[in-house]
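These protein sequence lines map, in sequence, to chains A and B. Start counting the first sequence at 1; every next residue gets the next number (this note's numbering). Start counting the second sequence at 1; every next residue gets the next number (this note's numbering).
Just to be clear, a hint being listed does not mean it is correct.
[As the list claims (entries may be wrong)] Partner residues are not named here, just some residues of chain A that face chain B (Cβ under 7 Å, in silico):
#, residue
1, T12
2, N38
3, Q87
[Said to hold, decoys possible] Computed footprint of chain A on chain B, listed as stretches where at least three residues anywhere in the stretch have a Cβ under 8 Å from a Cβ of chain A:
#, stretch
4, 283-292
5, 300-307
6, 310-319
Don't read these hints as lab results, they were simulated from the structure. The C-beta atom is built at its ideal place from N, Cα and C for all residues, glycine as well.
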Amino acid sequence: MSMLKVENLHATVDGKKILKGLTLEVPAGEVHAIMGPNGAGKSTLSYVLTGRAGYEVTGGTATLDGEDLLALAPNERAARGVFLSFQYPLEIPGVPALTFIRTALNAQRRARGEDEIAAPAFLKLAREKAAALKIDFEMLKRALNVGFSGGEKKRMEILQMAMLSPRFLILDETDSGLDIDALRIVSEGVNALRSPDRAMLVITHYQRLLDYIKPDRVHVLAGGRIVASGGPELALELEAGGYERYEKAAA
Amino acid sequence: MSVTAAIRDRDVAQLPSKRDEEWRWTDLRGLIRILPTPSLAFRGDVGVGPFDELVTRVITLVNGRGEATIDVPPGETAWVALRVISRGDGAHSARVTIQVGAGARLHLFETYEGEGGYLSQTLLAISLAEAASVERVVLAADSPGGVSVSQAEVSLSPRADFAQTVATTGGRRQRIETRVSHPGGHANLRLDGVYLLADKAHADLTTVVTHDGLDGLTEQLTKGVVRDQARGVFQGRIVVAEGADRTDAKMGHHALILSDRAEVDAKPELEIYADDVACAHGNTVGALDEDALFYAQQRGMPETVARALLTEAFVGQVIDRIDQAEAREVIRAWAAERLRA
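So here's chain B without its partners, still in its complex pose (with noise of 0.2 Å):
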């Protein structure tokens, strides 16, 4: 089942339902009855994006038109915006190459961004050679009709640092999906994500990170408050394979609900066959406490005030982690329009 075969083939039968235990709350193939018709090329104005001052170059891909390769020669730093934008009603898929070699350093400020009520999806393939780092920011902003599969397959060697932050307010459906193949070595991997989601938003949040050698280091935190009828989808998976002794993995999901008919779906799984391991995770739903709410509306804060303030700390906690400053105060005030809206 894949959603590539599906959009080259024009097949539903081929998009991952809800019998495929990964895609369990990601039903496609329950949602789409008939596979959109290609998308065209569009030729209208796509503006600027959030993240084009900060970089020297942009790469734009709409409705899936363009291959993007990204190559970082060993010990150069790049600073790049990868756009993928999708308009219309049609499906269209987009691949993109990241190549990051040996200490060299890649700033990715990736966007989704969508109009209308398309299909879209977009296969990245991501390696970094030894002592390369790489910090992905990726802000999703798919539109409310937009059914959206994003999936990184990230490949690390020794010493290399991979960090990245998932900021999404979902789509009709949307999945983000990021699988890291982690050698040890004393590569470090940062995989966190923000999801913001109100009305019917769905979005999904899915990462595989499979460690296979001595000494890697893996820290995930994840960060959801959720609304409306909303639903938040987070799957996170890590494997230590045998031999992969002494790694270090730490995963946390935590959820706020903010409304009876919202939906938060999680699942942390640790699968450990190696030794001398250390492996801690945590995840909680719940809503604002109510304690500190009264605390802050003690001090003079309108309850809306006090509600904006606390949410926006809550998640304010991930995006504090995103190390380049200007791409983390877009994100801080992605979320504060967002919470306080």
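Excised from the complex, chain A in its bound form (with noise of 0.2 Å):
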């Protein structure tokens, strides 16, 4: 059974159609990489699949684990394992990264029924995870993102869903801003998290991501929509040949 599954999925933003009908499928253990231009749906779908306010379904489901995603709260979604790696992500002056996490850790599993992680096994899993990612962990008591590069917030992101540990990975151009040595850093972190009980979808512009995230799908997203899907050398073919005749295909 598919983990999540995605039908007929439209939605608005302001007003405005953007997603028109989008349908999708990853099963659990699978990579599925969405691809498509500028201007297609790529950040709408991963902002209406974790509850942003503004992000208004006007049709279609989205299940996880066949459960109504879209009824339940942004949070409520994070506490079932659903993670967003942000393409820009916030910078939250005055709150630890520390801190930050350890919340987010305990709110989901109080929210799954859990105990609170104690504090030493807590700071345990941190240290081990920054090591893994090569973020000083000095950075951690600093406050979150706040005055960091944008590889820095991205090694950032990636120790977050280390910690919190969900079954299905959004990563929105988790590429964009990474230089070569920062993107090999952060494709060995998300890798390190693939098994057979976890998805991944992996939103990107560029070729260049999948060459380190391996895919077992891609998807063209254009106009709102899935227009094409294949096997990993569907993302070449489009390196070459861009995206123009599947605009037009949506069009």
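Fit chain to chain and form the complex, with the hints in mind.
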């Protein structure tokens, strides 16, 4: 059974139709890439799946393990394992990264009826995960993302992902703003999370990221719908031929 | 116009009104129709104050009874809690004189603790000799029915260090005023404030700093969170007099308004008559950042938890500046309790 199942999804932003009948299935254990031109609705899809205010669903369904995602508040979706790595991670002045992550982790655990994580266990986990991502532990005592470089912010997203251990991961343009070394570190972090009971949706404009995070399937999103799907070779074809013919098909 | 004269003469006409420019947002004359009778002495138990455990001397002034004097001899260090307590519906005023000798240190933890519908006034005269140092932390917990005015006149000497943080939940009307005479001479001044207002609370934080000499430093940061029908007032004036060259003054006031019916009035003023001066001020009034809120929710925090975390962080940037660690934690816990409610 597919973990994520999106059927005929329609959504508007500020009254403007962005998603126009999007259908997509991602089975557990698989990594799917969503590629498409600017304005195709890639970020809208990530926000609709995570429940951001202002992204109004006007038709269709989205389920995670058969449960209606769209009926849940953003934090309830997170507690069920939905994680979005933001294209532009927010700066949170005055909240140390460790405090932010611990608050989020404990909120998720409470929502699932689990005990809160004890402080020593939390710190041990944070040290391990930070080391794997080559993040200086001292940085986690600073306000989250405030004054961090683009690459540091993306690494911080992957660190949160590793700490929260989600089941369904959405990576929105995770490669933007990353140099080649940072891209490698971030990709290794993501690949370490691949497992038979997790699924990932990798949203990207360029094929480059997919050299590092190898997808099982590639979908082309244009004009608010999936207009083509295929194996990893589809990404290479897009890199060579561009999106033009898909944009025409969508129009 | 003065609150002192109004209470002494039992004459409402002498109360400050909105026609006085400095009191335009805290109109006592318009509020109080009949001046309350003088407060009776209170014989009951006033319990312990929030800072009692941190100090070696506790001064308790109840319903304006008693004159308090704090005198720190040169070179010595003192830890004092000053509790200004109001009980009942009468009018009263208290006077406090504080002298800190050359090179001496004073940790002053001041509380306003009220119950009832009183009119209370407190006058403080604080003087710092050369290289003296004072940290004044004020926790104002007036009652929702109380009218309270606290006015401090602070006089600095060269190389003195005066740091103040006012934390308040307001009152029916509440004004906490600090006037500082700053001689420059590498004296340092910090004047901070946090106001957390709910229901119909009103808090007015007014400061006036006059720089009269070379090389003075002033730093001000005030943050507020207002909800319901509460009203926050911030008036900050920094005057750099002629000849007070090389003054460095920074003023910031930032408020979050969490309801349509809440109000914040802010008047930051810099008057500069000197040369080679570095002065900056910033003033913002707005709502919580919705993008940051969604980010926190996406990571699993329920909206209420996310809001509390972000608002605590917002005012936490002021609280972090309190030097004395235990007092800082008292204020932090106070803020957390108010914001998580």
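Status of the hints after comparison with the structure:
1. T12: violated, 18 Å
2. N38: violated, 20 Å
3. Q87: violated, 12 Å
4. 283-292: Since 4 is at least three, the answer is holds.
5. 300-307: Held - the stretch 300-307 of chain B has 6 residues with a Cβ nearer than 8 Å to chain A, which meets the minimum of three.
6. 310-319: holds (count 6)
Against the hints set out earlier in the document, violations occur for numbers 1, 2, 3.
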